[in-house]
Every structure is written in C-alpha cells, then in structure tokens.
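**Student:** In the order they appear, the protein sequences are chains A and B. Taking my numbering, the leading residue of the first sequence gets 1, the next gets one more, and so forth. Taking my numbering, the leading residue of the second sequence gets 1, the next gets one more, and so forth.
Since the hints were derived computationally from the structure, they do not count as laboratory data. Hints are supplied without guarantee of correctness; some may be wrong.
Sample of chain B residues with no beta-carbon within 12 angstroms of chain A, all distances over it, derived [what the hints assert, rightly or not]:
{"#": "1", "residue": "43"}
{"#": "2", "residue": "161"}
{"#": "3", "residue": "214"}
{"#": "4", "residue": "270"}
{"#": "5", "residue": "292"}
Not everything, but these chain B residues come out facing chain A in the computed CB check (under 8 angstroms) [stated by the list, open to error]:
{"#": "6", "residue": "210"}
{"#": "7", "residue": "228"}
{"#": "8", "residue": "305"}
{"#": "9", "residue": "306"}
Glycine included, every Cβ here is placed at the ideal spot set by N, Cα and C.
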Amino acid sequence: MLKVDGLNIAAGELPLVSDVSFTVAGGERVGLIGESGSGKSLTASAVFGLLSDDVSAAGSVRLEGVDENLVGASENLLSSLRGSRLAMVFQEPMTALNPSMRIVDQVAEARLIHRTVGDRAAAHRDALRLLEQVRLRDVAELGRAYPHQLSGGQRQRVLLAIALANDPDVLICDEPTTALDVTVQAQLLDLIVKGAKERTAALLFITHDLAVVATVCERVLVMYGGRIVESGPVAEVLTAPEHRYTKGLLDASDLETVDEGGRLHAIAGAVPAAGKFPSGCVFRNRCPRADEQCEVSPPWFGEPAHGHACWHPVGGDA
Amino acid sequence: MALLRKAGIFLLTLAIASVLVFAFMAVLPGDPAQVALGVNATPELLAQTRHAFGIDRPLPAQYTDWVGGLLTGNFGRSYITGDAIGPQLVDRFEVTLWLVGAATVVAVIVAVPLGTLAAARHRKASGTVVSGLSQLGAAIPAFLAGIVLVEIFAVSLRILPSGGWTPPDADPVAFLKGLVLPALSLGLVQAAVLTRYVRSAVLDVLREDYLRTARAKGLKPAQALVRHGLRNAAVPVMTVLGLQLATLLIGAVVVERVFVIPGLGSMLLDAVGSRDLIVVQDVVMVLVAAVLVINLLVDVLYTVVDPRLRRAR
C-alpha cells in the first residue's frame, strides 16, 4: 500500500534522514521506533507531505493507486490525498484542535472537504457516528462542546475520529499516546488498532515506547541517526535484537535487571545533534562493541523486511 | 456575574475620570467670567457673571452640580454664547462617530488582508514589502496624510471635496463624498499600525498545531488559514483595535480641523481657543466615556469570539 524508497531529508546541506526505505502493506501494522532526534517524525511528515518549509525531501514515497511520487508532488495532489487516503494523528492532543470551533463541526469538516457526503446534515450525522466509534459517550452533547472542555484522552479520540473519517488506506500515528496518562493510553491504542483493522489500512505507528510497539505492531523498524538500523517482526526484534542500538534500547527499558553498580541499564551518551553523528556507523560513538571496521558505513544484512545494518550484530560474532 | 463586575469597573473608572477632568479644569489659571466679559468689565458685573456661571461656589458643589447635570442630560451652558451645550454635543458626537466609524472600517478592510498576506508570505519578498510599507505608513501623522490626500483628490483630480460636511439625511451622496478623504486620512494610518498586529497574530496562529490538523484533513494552506486561523487571530487584533479607537478619537480632533468638519474635535478646539472651559470639560468627558465604552464592548466581544474565555469570566 505504502512504499518508501531511498528517502532523504535535509535541512539545507545538513542531512537529517538518510536512505530510508520500507513498505507497509494494507492491513499491516508497522512500528517506527527510536529515541527523540532519530528522524522518526520527519520520516512520517515526509510520507504525509507536510514537511516544514526549511527542510527538503528527496527519494520516493509511493501510494498504491497513485502514479505520482508523493515526494515533490503538487499541493493539489497531496491535499486531495491527505485526510482521504492518507491520514495522520499527531502527538499533542491538547493543541491540535481548533479552540474556537465546536467538536462536531471539526469532525464533520473532514467529511465535507473531500465531498464524501453531499450536505452538512449528513456530515453532521457521520461526525456523531465517528465520535461514537471512538467510544466517546453522549456524543450529541460532547459534539456541541469546545476543545477546552474535553480531556486530553477525549481530544485524542476526536483526532482519531477525524483521521478515520474518510476510511484512509494509510494511517500514520506519531506518538499519539505519549502525552496521555498511562491509563487512557491502552484504550486509545486499542481504538487505533481496531480502526486500522476495520479499514484494512496500513498503519505506520511512531513511538519511542517499546511496550507500545509490542502491543500495537506486527513489524518494527528501528531508527537511529536518520537511518533504519534494524527491521523485522516485533516478536523477533524485541526478543532477539541484532543491532547493538536495538539491544541498548531493550536493555534500557528493562526495569528488572541492573548493572554492577546497581543502576538500570542506559545507552552511553546522548543522541548527537543533527549533523554531529559520526561517519561510518552512526551509532559507533555510543556503541560498546565499536571498532575500526565501524568507521565504514555498514551495509544492510538480511532481507529488506528483516535485517540490520551492523558489522557486529548481537550474537553474530565472537 | 463576570459581566456585572466589568460593568462595575466601568462605572468606577468613569467616576474617577470625571473627578480628574473636573480637577484639571479647576486648576487651570484664568477666570471664565473675565474671559467672557473682556478686560473692561466692572467688578460688580464680574461677580454677577461668576454667580451666573456658578463658579463662585465651593469646588465640591460645582462638581456635584456638573456631574448631576451630566447624569440628567443637562450639560450646562456655554460661557461665551450662553447656548445649551447638550444638543450641540449630540450633533457633534454623531458627526465624529461617522468619521471614526468610517476610519475603522477603512483600517480593518486594509489591515486584515494585508497583514494576513504579510504573515502567510513572511519568507517571501511580497510579505517583506507589505511589512516594510506598513512600518512606513505607521510613521505618517494623520493630518499629513490628510493634506496629501486633499492635494491629490481634491486639488489635482477634483473628484472629491477638500472639506466640509453634509449630513447623511440631507444628501447621502454628498455625505459619502465628503466622508471619503477624512476617513482615509484617519483610517490608513491606523491601518498601517493594525497591519503589523494582524501580521504577528496570524504568524502566531500559523505555528499552531490545529492549523496542521486542518492541513491533515486535506485543506490547502490558504483554506486552513481562513477557516481555522483568522478567528483565532482575532482576539489579539481586537485588543489593538479597541486601543486604536481611542487613538482615532484623538486623531479625529486634528483631522476634523483639516477638513473643516463640525465634529467633537473641532468643537473641542474652538472651545479651547475661546477658553470656553465648561465646553472643554464636557467634550473631554464625552471622549473619555466613549473610550471606556469601547473597551467594555471589546471585553464583551472577546467572549463571543473565543469560547475559552466564556467559562473563565
């Protein structure tokens, strides 16, 4: 359904995302994980065609049934796809709704823009139905409310309802639950998975939370330094990681084991600023296993859908 | 409840303003009776006149008389002509309202599209040009703009009158023709200032997440801005517009003089010229009250535009 090939994003001369390729089939749920600054959100924005003016993308993003490459496509084409075949839910529910517009109108607008329905009354009815689908209660009353009268969890449901309004083929979720309380996270994740399944939509789910990936996704892409460093089925990548970075992420999220000093595991150092990544393997300045070989950029080992880019994979060498 | 509090503050401010205006007039040197009668007046006649004006009484009594009169619609009589001030004040106020209203319309019609354009294209040359021009325009005094406009449209092109006033019910066409130049000279300068505020308000809104949501729904950038941005940009712009209306009233004083318009401004200047202090006092009080009413209206309008303010107030 969605095929990204050789995607590069740069701010002027500064490369931010390099040679990212992946596919997501209809009905498939793929996670994109990595720390802040790894290029996940940029990748998602590029797929969605909503990069800010100061960065530029090259490479190819293809949507099934559309002949044109979405990278560099006209605003006309992109805006006709956005909200209809391509949909996105963003991280920050508190500020993502128009504060001076009633909830139901904001949902109904999504149905009206793409002329999915003929008139306002039908759009209004659809909006209430969509709000019910994301399990909001008393939708007639809630629809008349303004965003500031809703909780963060409710607002994110409204945003999900907007994203699902026109039965998209591709649903991109950029850390949709990060800003929410843990208790409401699970319900929302459930709704996202259900919404995507019912529409056999390709789901691209961006998060830094490994537990969330394990719940939601079937396949996972691990990003670091603007590159995909490992990919594969969730069960395998999360239990038997091959790339040293993935291993580090997993160790860091393990709250039951500690190091010799009695502290939780952490990845040494911090994610460098954009442009400050080392040459060769982008992870080598933080990697415990790095040696001279890592000064050369590692190739991709294995299948495109299941492999890694590491000279010294976990369990792969002595 | 919140509205009651606002109304209370409004009345209190008005009361304080009346004391201040009265006090300023009272401490001004000069004897109105002397001014009215000239230097050759006899002491007896002066005393008689002071008594007739009511200025021989203690200041607190004068103040309560004045305010009591204002509250009952009795604005007193001119020291110079002896005419009742009230009816004249009403006529003049209507003229000034037309002028200020028209100038506001000019300012909004010019500033909202230009400011929005400057914000939407702030990285492009056209946006920078608009910002630069508005910077320049804001520096021009209204009377200068008026003189230039008269030079072009009245003296050179001869398509509009250079001054004078026709009441709207006497001849609507002549009324409108006469209103154009003064409204432009007053409004364009305000438009320049307002453009800069509209620009920055729209720039702020452009950075908002809900505009990205609007784009994500499939709206083009301009559609997203118009449907979701402008209303939210309106609140800060309204604040500035409210403050500007106060400036407009003051600006009208000068522009009325340039265009020979019989409004509050020329009434005030004439009264100052002839030292007709009671008229000055009344006109200033009306101007102050008008500014306060405008601010109260802006406060009420906020809650209409921004639903978030409804609960808080």
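**Student:** Taking the numbered hints from earlier one at a time, note which ones the structure violates and give those numbers from smallest to largest.
**Tutor:** Failing hint: just 3.
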